[in-house]
Each structure stands twice: as structure tokens, then as C-alpha cells.
Amino acid sequence: MGAEDHSVEKHIARQKLDELSSKFISSTSRQGFTERFEYVAKNFLLPALAYAEASFERKPILTLFTGIFFILGAIPFFTYAIVCGTALAGYCFVALASLLVASLATLIPLSTILLAVLAGAGLASAFVTAMLVSAFLFIRLAILVRQDGKDGAAEWLSDVKEYITGVFATLPYLSKSAEKRSSTPSPQPDAYRETSALKPEHPTENVYTVSPTLSAPVVEGTAY
8 MGAEDHSVEK HIARQKLDEL SSKFISSTSR QGFTERFEYV AKNFLLPALA YAEASFERKP
68 ILTLFTGIFF ILGAIPFFTY AIVCGTALAG YCFVALASLL VASLATLIPL STILLAVLAG
128 AGLASAFVTA MLVSAFLFIR LAILVRQDGK DGAAEWLSDV KEYITGVFAT LPYLSKSAEK
188 RSSTPSPQPD AYRETSALKP EHPTENVYTV SPTLSAPVVE GTAY
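Just so you know, the sequence shown maps onto residues 8 to 231 in my numbering.
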């Protein structure tokens with residue numbers, strides 16, 4: 008029972024706190040509204056009423072006409088302002104939407120045409136480049152074959168192979184694989200190993216020959 012009474016008291020206290028906070032907020036908002044109204048009344052309404060009273064004392068007919076005209080013309084004026092503002096906002100929105108749609112309708116076909124033209128230009132450039140390179144290689148092959156025969160053809164083939172190797176070496180993956188292949192020692196042929204095995208360990212250091220044509224013997228030495 009004591010626990011239930013304590014929970015009920017806490018609930019009641021929380022409700023009272025919520026009511027006090029809501030009252031404080033409403034009073035604060037009312038106070039702010041009152042302060043703003045007092046500021047407007049003090050700075051605008053009271054001076055306007057004082058001016059109207061003074062004007063009515065000096066020129067009552069003109070002041071009465073002006074007041075009635077202002078009251079009767081206020082509603083049409085504000086109605087006109089609201090209608091014009093709404094119409095201008097709608098026209099601006101419609102104009103922007105129409106401009107966006109017209110821009111997309113113009114840019115999409117033109118962009119498609121441009122991409123097609125660029126693709127055609129790329130294909131034409133590749134074809135012309137291939138034709139020019141083929142013509143150059145054919146002319147060079149004819150010149151080398153005419154000058155050197157089979158040796159010229161071999162030289163032409165070697166030049167083409169070196170050029171293609173240099174082009175593929177610029178690619179990162181192929182250049183790395185080429186470096187790996189170059190770093191790996193190539194196996195020596197069996198004939199080379201047999202020839203190196205037949206060489207003496209200590210070759211002759213000096214070989215002397217005598218020239219028979221000279222009057223005095225000339226000794227020539229060669230070191231290995």
C-alpha cells in the first residue's frame with residue numbers, strides 16, 4: 008500500500024508540474040504578444056490616431072472623406088495585392104518548370120547527336136591512323152628490301168618488334184611482368200656449358216711471336 012501511495016503522489020506531482028509549465032509557457036507567450044502589441048500601438052496606432060484627431064479638428068470634411076476612402080479601399084487593395092502576388096508566384100513557377108522542360112527537351116537530343124558524332128570521329132580517326140601506319144610500314148619494308156634484300160626484311164621485322172615491345176612496356180601490368188622476366192636469369196645452353204668446361208683453369212699468360220720479315224727480331228706479347 009505504501010508503495011502504491013508513493014507512486015500515486017509522484018504521478019499527481021508530475022501532473023501539477025506539467026500544468027505549471029504549460030501555464031508558464033502560455034503566460035510567457037501572452038506576455039510576448041502583449042509586449043509586441045504595446046510596441047505597435049505606442050509607435051504606430053497612437054500617433055496615427057493623434058494625427059487623425061488633429062486633422063479632423065482642422066479639416067473635418069477632408070479627414071472624414073479620407074478615413075472612409077481608406078476603410079473602403081483597404082479590402083480591395085489587400086485583395087489585389089494577394090491576388091497579384093499569388094499570380095506572380097504561379098507564373099514564376101510555371102515559367103521555371105517550362106524552362107526546365109524545354110532545356111531538357113533541347114539538350115538531350117543535342118547531347119545524343121554530339122556523342123554519336125564524337126564516336127564516329129573516334130572510329131574515323133582510328134581507321135585513318137591505322138591506314139597511315141600501315142602505309143608507312145609497307146613503304147619502309149619496300150625500301151629496306153630493295154636496299155638490303157632479306158637483311159632489310161629482317162631489320163624491318165626487328166624494328167616493328169621493338170616498337171610493339173616499347174608500346175606494351177608502357178602499360179603498368181605488362182611492364183611489371185616484363186621486369187619480372189628480365190630479373191629471372193635465363194638458363195644457359197648445354198653447348199655453352201660444355202665449352203666453358205673445356206677451357207683451362209690457368210690460361211697461358213704470355214705468347215711470344217717473332218716477325219720473320221724484320222731485320223731485327225721484334226717480340227710481340229699478348230696476355231690472356
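Any given hint could turn out to be false.
So the derived label-pair ranges between C-beta atoms look like this [said to hold, decoys possible]:
| id | residue 1 | residue 2 | range |
| --- | --- | --- | --- |
| 1 | Cys91 | Ser132 | 37 to 43 Å |
| 2 | Ser118 | Thr86 | 43 to 49 Å |
| 3 | Val101 | Pro54 | 22 to 28 Å |
| 4 | Glu169 | Phe134 | 22 to 28 Å |
| 5 | Ala109 | Glu169 | 31 to 37 Å |
| 6 | Ala133 | Glu169 | 22 to 28 Å |
No wet-lab data here; the hints were simulated from the structure. Nothing here was measured: the structure is a model prediction, and the numbers come from that model. The beta-carbon is built from N, C-alpha and C at its ideal position, and this holds for glycine as well.
Going through the hints against the structure:
1. Cys91 <-> Ser132: 37 to 43 Å: violated (59 Å)
2. Ser118 <-> Thr86: 43 to 49 Å: holds (47 Å)
3. Val101 <-> Pro54: 22 to 28 Å: Between Val101 and Pro54, where Cβ atoms are some 43 Å apart, the hint is violated.
4. Glu169 <-> Phe134: 22 to 28 Å: holds (25 Å)
5. Ala109 <-> Glu169: 31 to 37 Å: violated (58 Å)
6. Ala133 <-> Glu169: 22 to 28 Å: holds (23 Å)
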